[in-house]
Amino acid sequence: MTELKRIIIQGATELFAKKGCKAITMDDIAKSLGMSKRTIYENFKDKEELLGCCVNFLFEEMDKEFDTWNKSDNIILSFLVYRDSANSVMQQVPKDFFADVRRYFPKLSAQIIDTRVEQDKERTIYLLEKGKKEGYFLPELNSQVIAILIQEVGRVMCDEDLFSKKQFKDNDIFFNGFIPYLRGISTQKGIETVDRYYHLQKSTK
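Sequence positions in the sequence shown follow my numbering and run 1 to 205.
Treat the hints with care, as some may be off.
[Stated by the list, open to error] Taking lysine-lysine pairs in the DSBU-like style, the calculated list, with each CA pair at most 35 angstroms apart, reads:
{"hint": "1", "residue 1": "5", "residue 2": "22"}
{"hint": "2", "residue 1": "64", "residue 2": "5"}
{"hint": "3", "residue 1": "5", "residue 2": "31"}
Source of the hints: derived by calculation from the structure; they are not laboratory data.
Go ahead and model the full structure; you've got the sequences and the hints to work with.
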């Protein structure tokens, strides 16, 4: 990939994440980057191709976080720290971003996101098994079932028909929607990790 393409992808990704994939036009991207629209079209056939590259860019950033969790000796703590980090991809991208890609670009979604969902399920299974060996997750649980349920919990938490941005804060949805589930699949060692982390967070505010 050329440096120019990388610059365009990074700039477009920021715009798509801030204002949504439907609202942003190629004119908006060109203006934001201080270059002509022609330059962008010389590198990308259309908006959908550019958006696809942006989605892949986000996934690459998520893969870096996965590698960090994989190397950690405390899966739960590593996840919670990255989840609250300002540099975390999860914090930079609105919770409805991928839902909007599915809604407005179904072909792109089928080509990229649906494949990624299956890959993420397999990675979740791997992390669950790793967490079991480390003593953080209950050993008797079926990791395949848990991985699917985690994905579904995530979808529910991102459903703005259930949790509108005007009424609910993202942190409240995560704390009340996912943390009880995380504690439920954890051993006492895992539960203590979760509780200790949130106690420290609260004590610093």
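Problem - residue 64 paired with residue 5 [C-alpha distance capped at 35 angstroms] - result: holds (21 angstroms)
Exercise for the section: Measure nothing beyond the straight line between the CA atoms of residue 5 and residue 31; if it is 35 angstroms or shorter, mark the hint as holding. Expected result: Since the Cα atoms of residue 5 and residue 31 sit roughly 16 angstroms apart, the hinted pair holds (cutoff 35 angstroms).
Problem - Straight-line alpha-carbon gap residue 5 to residue 22, limit 35 angstroms - result: holds (21 angstroms)
The structure is consistent with each of the numbered hints, conforming to all of them.
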